Structures are given as structure tokens and as C-alpha cells.
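Using the sequences plus the hints, can you model the full thing?
Protein chains: 2
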Amino acid sequence: MTTPEINTWQGVQEEVRRRITQRVWRPGEFIPHEADLAAEFGCARATVNRALRELAEAGLLDRRRRAGTRVAVNPVRKAQLEIPVIREEIVAKGQAYGHRVLSREMPVPPAEVAARMQVAPGRKLLHLRTLHTADGAPYVYENRWINPEAVPAVLAEDFSAISPNEWLVREVPFEGGDFTFSALSAGGAEAEVLSCPAGTGLFVLDRTTWTGAGMITSVRLVFHPGYRMHTRL
Amino acid sequence: MTTPEINTWQGVQEEVRRRITQRVWRPGEFIPHEADLAAEFGCARATVNRALRELAEAGLLDRRRRAGTRVAVNPVRKAQLEIPVIREEIVAKGQAYGHRVLSREMPVPPAEVAARMQVAPGRKLLHLRTLHTADGAPYVYENRWINPEAVPAVLAEDFSAISPNEWLVREVPFEGGDFTFSALSAGGAEAEVLSCPAGTGLFVLDRTTWTGAGMITSVRLVFHPGYRMHTRL
Numbered sequence: 001m002t003t004p005e006i007n008t009w010q011g012v013q014e015e016v017r018r019r020i021t022q023r024v025w026r027p028g029e030f031i032p033h034e035a036d037l038a039a040e041f042g043c044a045r046a047t048v049n050r051a052l053r054e055l056a057e058a059g060l061l062d063r064r065r066r067a068g069t070r071v072a073v074n075p076v077r078k079a080q081l082e083i084p085v086i087r088e089e090i091v092a093k094g095q096a097y098g099h100r101v102l103s104r105e106m107p108v109p110p111a112e113v114a115a116r117m118q119v120a121p122g123r124k125l126l127h128l129r130t131l132h133t134a135d136g137a138p139y140v141y142e143n144r145w146i147n148p149e150a151v152p153a154v155l156a157e158d159f160s161a162i163s164p165n166e167w168l169v170r171e172v173p174f175e176g177g178d179f180t181f182s183a184l185s186a187g188g189a190e191a192e193v194l195s196c197p198a199g200t201g202l203f204v205l206d207r208t209t210w211t212g213a214g215m216i217t218s219v220r221l222v223f224h225p226g227y228r229m230h231t232r233l
Numbered sequence: 001m002t003t004p005e006i007n008t009w010q011g012v013q014e015e016v017r018r019r020i021t022q023r024v025w026r027p028g029e030f031i032p033h034e035a036d037l038a039a040e041f042g043c044a045r046a047t048v049n050r051a052l053r054e055l056a057e058a059g060l061l062d063r064r065r066r067a068g069t070r071v072a073v074n075p076v077r078k079a080q081l082e083i084p085v086i087r088e089e090i091v092a093k094g095q096a097y098g099h100r101v102l103s104r105e106m107p108v109p110p111a112e113v114a115a116r117m118q119v120a121p122g123r124k125l126l127h128l129r130t131l132h133t134a135d136g137a138p139y140v141y142e143n144r145w146i147n148p149e150a151v152p153a154v155l156a157e158d159f160s161a162i163s164p165n166e167w168l169v170r171e172v173p174f175e176g177g178d179f180t181f182s183a184l185s186a187g188g189a190e191a192e193v194l195s196c197p198a199g200t201g202l203f204v205l206d207r208t209t210w211t212g213a214g215m216i217t218s219v220r221l222v223f224h225p226g227y228r229m230h231t232r233l
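Sequence order for the protein chains is A and B. Sequence positions in the first sequence follow the UniProt record's numbering and run 1 to 233. Sequence positions in the second sequence follow the UniProt record's numbering and run 1 to 233.
If you are wondering where the hints come from, they were derived from the structure by calculation, not from laboratory data. Predicted, not measured: the structure shown is a model, and the values here were computed from it. Using N, Cα and C, we set each Cβ at its ideal position, and we do this for glycine too. Some hints here could point you the wrong way.
Some but not every residue of chain A turned toward chain B, in silico, with C-beta under 8 Å [as the list claims (entries may be wrong)]:
1. I20
2. F179
3. T180
4. A183
5. L184
6. T211
7. G214
8. M229
9. T231
Cβ-Cβ distance ranges computed for the label pairs, FRET-style [as the list claims (entries may be wrong)]:
10. A:D36 to B:V101: 38 to 46 Å
11. A:M106 to B:R45: 47 to 55 Å
12. B:R23 to A:R23: 46 to 54 Å
13. A:A213 to B:G11: 15 to 23 Å
14. A:A213 to B:D36: 39 to 47 Å
15. B:R19 to A:R23: 45 to 53 Å
16. A:Q10 to B:G214: 16 to 24 Å
17. A:P148 to B:G214: 48 to 56 Å
18. B:M229 to A:T211: 20 to 28 Å
19. B:V73 to A:A161: 15 to 23 Å
20. B:T231 to A:V73: 13 to 21 Å
21. B:P197 to A:F30: 45 to 53 Å
Right under this line is the structure:
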């Protein structure tokens, strides 16, 4: 088989992608060495490297330092997942944003929260319950814990002018996060706060974020009935 | 201010990350040019470039070709989001996997499905309803449409030995996907298939995937009560 000369990394990428999607190279198979591909395409080895690196980042190839490069069996793609400012999300829909702090306390958290926040048993955390509204209607109910040792400035905030969500996004750059998506059947508290019938199925996002210095915040967001969260690969 | 010499891209990255997280450089601010940073750190400009590229990919920096590099205002992180083989997910939990095709038909789809699959009105699609089980208990109910013009081999499959989910992951390399997360209150069909009381809150994933050649499949996955989907930044 002869291949027309390919001089750009984009050209190499396109050809390699074609071989993967048309199953010339099948999932789990080793692909030829970079040097052999460079010879076949009549290009520099660095060009092949650049093309393969991007395909590996996109999840189509599986590269192991010593073992070589295989076609990925289960392509893992990276999707954009952001921590949005809820106010901006609502304003972008052309709706009027509001928020109301329902409670602000400094209790010893339940053991399960202390474990998730990695604080010693008996240590107090800031506990905030907030309702975000869109055109006056409940949008998302936020049940949040914050470690004031990680974020001392939080103690001076009453969150009347800015929501805890927006304040944290603006003030505290997180370095990592843990996301869990699930659903619940609205019980007494959520049903009341979100003004929906008990038993309504609600989408739930649990999120814990940290910096190198430790856990910052752990939040449960319970969205209004019918909410849909969208992302793309 | 003097900075100790930094010779590796990892070192530059660490220092730049420190300046962002400690707000030496604040969100939205332009950071110095690569050449200036290279001079400050006493390293090659390529070293700075490598470090900044990775921080931009991680969402901490916002790079524009002509405008320069700013500290990101809303860090957008990329999370791993994969299309799993449900059998493997269940087996990994140490449970026995099973699947059952509940129906297999070739109707004209509802207009909303035809639009999502980008097929002309009146065109027939393969419609499969499948239940996946873990240790015999309902795990996820899959309601799927497949375009046989994009995947002709699907017409020869009865999916008794392999689920449509696993067959598609193995046989058809997708190139893009659209994900929507939500919740529903179990109605008659889901409640019956998943053996849960009507009104139970259930987590729902709607997913449409395509190749360069067009839409392949659109599926709604309705998970058993209590299911949690986890990912990490």
C-alpha cells in the first residue's frame, strides 16, 4: 500500500483518525511505531508525535510509555464541566436572578460531612442554605458547607449582596473537584423550598472542591423540576 | 522582586499556578508575555509555553491568539466523561450482569426523535428497549434509537448475546456526543420496568452520538433508584 505524502500534523491526524474510525486499525491493536509512520507518510517523526498526542488526548489512542500505542478500546473523551455562577446561568436565559439565604449557622457537622470535608470530629463548619430564583420562581436549592479555616474571609460575609456560590467562584480558585449526579424524590424540605409536590423527581448535583491547602466547600444542589444539565464531547 | 531560576516546565507551571491561586495575578488580569516570563525565570521561552499550555488546558488560563493570556475568570475544567459498557460497570462492582431486549421494532420515529437523529420525516429507525440487570435486579432501562443507514450491520443483530450498548461501543467508533442529565418521577413504564413505586425520583441520561458520517444513536438511560454517577476534575 502506498500513501500519498502527508506533510502536516493535521494531515497525519486525519489519516490516523480515518484508520481508527474505519477499523483499519481495530480497538486494542498496537499501531505502528512513530518512526515507521513517519517513513510511510514521508514526514518528520515530530509531526507524527504531535498528531498522535492530540488523538490520545481526545481518547482515541491509548499510549503507554514502554508498551507502545494502541487504539483505545473504550474511548474516554473529555467533556467541559464547569462550576458555573448560577446568577450568570439564569441571566443568560434572559431571566431575573435572585437569591435568599435561608439559614447561616456554624454547627459541628454530621460525621459524614466532616469526613468529606476532611476536618477533625467536633470541628465547626459554616453551613449555608440558599435558594436561587429565576423570575422569582425557585431555580436551585443549595445546601452548602464551607471550611472557614481554608477560607477565613467567609466569616465576614453575610451573603446578602452576593450568593455563596458566586462569592466562592470569584474569591477562591479551586484546584480539583468531585462531582456526583443523582436524583431524589422531593421530601418535606426540598418540596417546600422548591415549591413542588412531595415525591417530585429532582436532579441533584453533589460537588466537593479543594485547593492544594485542603477542602474548601461541599455543596448539594437540588434543581427545580424539569431542569436539564447539558454537556458535549 | 527576584525569582529563583526555574529550569523545567513543571517548575514554571508550579510557580504560575501559585501566582494564580494566591491571587498575585487576579481573575481576568493579563499575565506577562512569555518572553518576559522566560527572562524572569531564566529559562527558554518554549519552557514557559509548555507550562502555560497545560494550565490553559486545565482551565486556569484563558489564551487568545492576538489578545494575550489572562487568568481565567470562570475556570472551566475538563472532566473525564466516558460512554461505558454497562456490563463492565456492573461486573466491576462484583455483580452478575444480565440484559434483556424488551422490544425491537423498526417504526417511523416521533418527530422529535427524527429531528434529533437528523433523518427525513417518514424515515424508519431501529427502536430497541433493553433492561440491564445487576445480580438479577433492574439496573438501567435503555430506550434507544439507531439509524440503520449509518450502521447497516445493526440489522443483522438480535442482541441476545450482546447488548446494543456494548455492541455499539465495540463496533462503531463515535466522534462526538451530546449529554443531558436530568431526573424524572417514575411513571407507569419506568416504574414497571425498574420495579419501583410510581413517583420514585430517577436519574436520567440522554445521549446522542455521531461520527463524521452522521448521527448513530440516541438513547435515554433511566437508572434504578439510588444510582449515583461520579466524575472528578
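So, going through the hints one by one against the coordinates:
Given the 8 Å rule on beta carbons, the hint for I20 (chain A) holds: about 6 Å separates it from the nearest Cβ of chain B. The beta carbon of F179 (chain A) comes within 5 Å of a beta carbon in chain B, closer than 8 Å, and the hint placing it at the interface holds. The interface hint given for T180 (chain A) holds, since its Cβ lies 5 Å from the closest Cβ of chain B, which is under the 8 Å cut-off. Interface restraint check: A183 (chain A) against chain B, minimum CB-CB distance 4 Å, threshold 8 Å, status holds.
Below 8 Å, beta-carbon pairs count as interface contacts, and L184 (chain A) has one with chain B at about 5 Å; its hint therefore holds. Interface hint at T211 (chain A): satisfied, since its Cβ lies 6 Å from the closest Cβ of chain B, which is below the 8 Å cut-off. Given hint, G214 (chain A) at the interface with chain B, is violated; its Cβ is 12 Å from that chain's nearest Cβ, farther than 8 Å. Taking 8 Å as the C-beta contact cut-off toward chain B, the hint placing M229 (chain A) at the interface holds, the least distance being around 5 Å.
Given the 8 Å rule on beta carbons, the hint for T231 (chain A) holds: about 5 Å separates it from the nearest Cβ of chain B. About 44 Å separates the C-beta atoms of D36 (chain A) and V101 (chain B), a value consistent with the hinted range of 38 to 46 Å. Against the hinted window of 47 to 55 Å, the Cβ-Cβ separation of M106 (chain A) and R45 (chain B) comes to about 49 Å, which satisfies the hint. The supplied range of 46 to 54 Å is met by R23 (chain B) and R23 (chain A), whose beta-carbon atoms lie about 50 Å from each other.
The hint said 15 to 23 Å for the Cβ distance between A213 (chain A) and G11 (chain B), and at roughly 20 Å that hint holds. For the hinted restraint 39 to 47 Å between A213 (chain A) and D36 (chain B), the CB-CB distance of approximately 29 Å leaves it violated. For R19 (chain B) and R23 (chain A), the hinted distance range of 45 to 53 Å is satisfied, since their beta carbons lie about 47 Å from each other. At roughly 23 Å, the beta carbons of Q10 (chain A) and G214 (chain B) sit within the given window of 16 to 24 Å.
Evaluation of the 48 to 56 Å hint for P148 (chain A) and G214 (chain B) yields a pass: the beta carbon distance comes to about 53 Å. For the pair M229 (chain B) and T211 (chain A), the beta carbons lie near 25 Å from each other, so the given range of 20 to 28 Å is met. For V73 (chain B) paired with A161 (chain A), a C-beta distance near 19 Å keeps the hint of 15 to 23 Å intact. Between T231 (chain B) and V73 (chain A) the Cβ separation comes to about 20 Å, which falls inside the hinted range of 13 to 21 Å.
A C-beta distance of roughly 51 Å is found between P197 (chain B) and F30 (chain A), which places it inside the suggested range of 45 to 53 Å.
In summary, the structure is inconsistent with hints 7 and 14 from the numbered list given earlier, while agreeing with the others.
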